[in-house]
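Residue numbers (the numbering used here): 161 to 574.
Calculated from the structure, these hints are not laboratory results. Be a bit skeptical, because a hint or two may be false.
Distance ranges between label pairs, derived from CB positions [stated by the list, open to error]:
#1 L242 x L323: 15 to 23 Å
#2 V220 x L311: 24 to 32 Å
#3 R186 x G447: 52 to 60 Å
#4 D512 x R395: 55 to 63 Å
#5 P386 x A441: 46 to 54 Å
#6 R395 x D453: 31 to 39 Å
#7 Q545 x L323: 43 to 51 Å
#8 R354 x H405: 24 to 32 Å
By construction, the Cβ of each residue, glycine as well, lies at the ideal position given by its N, Cα and C atoms.
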Amino acid sequence: MLPSAVIHELDPEAGRAGRPPRRTARDWVVDFSVFLLAAVIGLAVADTLSDDPGLPHAVVVTDQLLGALACAAVWLRRRWPLGLAVATIPLAFVSTTSAGAGIVALFTLAVHRPFRYSAWVGGVQLALIPLLMWVRPDPDLSYAWAVVFTLLLTVAITGWGMLARAKRQLMLSLRDRARRAETEARLRAEQAQRLAREAIAREMHDVLAHRLTLLSVHAGALEFRPDAPREEVARAAGVIRESAHEALQDLREIIGVLRAGDSDDAGRPQPTLAALDTLVAESREAGMKVTLDSRVADPAAVSASVGRTAYRIAQEGLTNARKHAPGAEVTVSVTGAPGEGLTMSVRNPAPDGDVPPVPGSGQGLIGLTERATLAGGRLEHGPEQCGGFAVRAWLPWPRPPRVVPPPPTRPVQR
Numbered sequence: 161m162l163p164s165a166v167i168h169e170l171d172p173e174a175g176r177a178g179r180p181p182r183r184t185a186r187d188w189v190v191d192f193s194v195f196l197l198a199a200v201i202g203l204a205v206a207d208t209l210s211d212d213p214g215l216p217h218a219v220v221v222t223d224q225l226l227g228a229l230a231c232a233a234v235w236l237r238r239r240w241p242l243g244l245a246v247a248t249i250p251l252a253f254v255s256t257t258s259a260g261a262g263i264v265a266l267f268t269l270a271v272h273r274p275f276r277y278s279a280w281v282g283g284v285q286l287a288l289i290p291l292l293m294w295v296r297p298d299p300d301l302s303y304a305w306a307v308v309f310t311l312l313l314t315v316a317i318t319g320w321g322m323l324a325r326a327k328r329q330l331m332l333s334l335r336d337r338a339r340r341a342e343t344e345a346r347l348r349a350e351q352a353q354r355l356a357r358e359a360i361a362r363e364m365h366d367v368l369a370h371r372l373t374l375l376s377v378h379a380g381a382l383e384f385r386p387d388a389p390r391e392e393v394a395r396a397a398g399v400i401r402e403s404a405h406e407a408l409q410d411l412r413e414i415i416g417v418l419r420a421g422d423s424d425d426a427g428r429p430q431p432t433l434a435a436l437d438t439l440v441a442e443s444r445e446a447g448m449k450v451t452l453d454s455r456v457a458d459p460a461a462v463s464a465s466v467g468r469t470a471y472r473i474a475q476e477g478l479t480n481a482r483k484h485a486p487g488a489e490v491t492v493s494v495t496g497a498p499g500e501g502l503t504m505s506v507r508n509p510a511p512d513g514d515v516p517p518v519p520g521s522g523q524g525l526i527g528l529t530e531r532a533t534l535a536g537g538r539l540e541h542g543p544e545q546c547g548g549f550a551v552r553a554w555l556p557w558p559r560p561p562r563v564v565p566p567p568p569t570r571p572v573q574r
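Using the sequences and the hints, build the whole thing.
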């Protein structure tokens, strides 16, 4: 139901090269309506010509024939609006039945062309109206009233067309703004994902450096003490194997992650799930109402990468609740066991009053979603039926590797 010119502006590829855009259903209805309007005005003027005995019959026939051709030319108004409007100016002096086609041509020019074209053509028509009314006087109106009426009609038709063009340009600009806003939002989301990947890469660098250092220390001890007791060798080998296993798990999370340059927080200890109590205590000291429901028996048993991701989810959830629902009570729930995964949620009810929107909101949740995905889990967030907001996440928590005890030693018989 949009005009073909608007569709062509929104999607230039819609029209084939070298050909005007095809008429839509709305175009056919409008074109047929303006053709009927031009024909009705032409027939009304033709009746007045027939009642004028002072006009020769040949002049009347020529006038009506040119008027019919002008009405037929209305179907070409979308392709040549300027040419049709210019052609109707001299035509009005020899064919009064083309008045309807001239009105349609002026309106079309004001809709489809910039203001300067409408100003020039409309100005010429306004300047020639007194001469036109003197050459082809109206039989029902005096000269003065005919000039005033024609002037007002020309100005009204031009203004109406310019208003329609302004509304059309406004719609196109709003759609262009909407497209640009969608593009900017997509770019911001991609940037947030990239920043989240870089932050994860920096954190993984610290963890892997720590684990590889442990491997180096224990491997060096075995190298320099080959005569150590069997129990110490077995214990060192177990530590090496466990550290290598944890390092491989962390390494899987950073595959495909681009590591950025060092940041200011490099070298600081990274939080884990065991630091969740401290985070809640800090939020309470800041004036928040926070309830912590932790059903993890040993938070220290959670791997550093999973615990760090869970900590960041709780931290972001508390930050969002403080910004978007100030004064509301926040509930942080954490449950899980080895082999089942770690399930956590951060919920808050709707705020009591209206809260002004915070610019740039939603980027932290995008980063959390990327972080949870890279950790092998998933994260969901959104409003609840009661009017509040919830962030729900599940993170993998594999079972610890089973340590196989070394075989018992047998005394050597000599």
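Status of each hint after checking the structure:
Look at L242 against L323: about 19 Å separates their beta carbons, and that is inside 15 to 23 Å. Between V220 and L311 the beta carbon distance is about 27 Å. The supplied range of 24 to 32 Å therefore holds. In this structure the hint that R186 and G447 lie 52 to 60 Å apart at CB holds, the actual value being about 59 Å. The beta-carbon spacing between D512 and R395, approximately 58 Å, falls within the hinted interval of 55 to 63 Å.
The hinted window of 46 to 54 Å between P386 and A441 holds, with their beta carbons roughly 49 Å apart. For R395 and D453, the hinted distance range of 31 to 39 Å is satisfied, since their beta carbons lie about 38 Å from each other. Between Q545 and L323 the beta carbons are some 46 Å apart, a value that agrees with the proposed interval 43 to 51 Å. Taking 24 to 32 Å as the suggested C-beta distance range, the pair R354 and H405 conforms, at roughly 30 Å.
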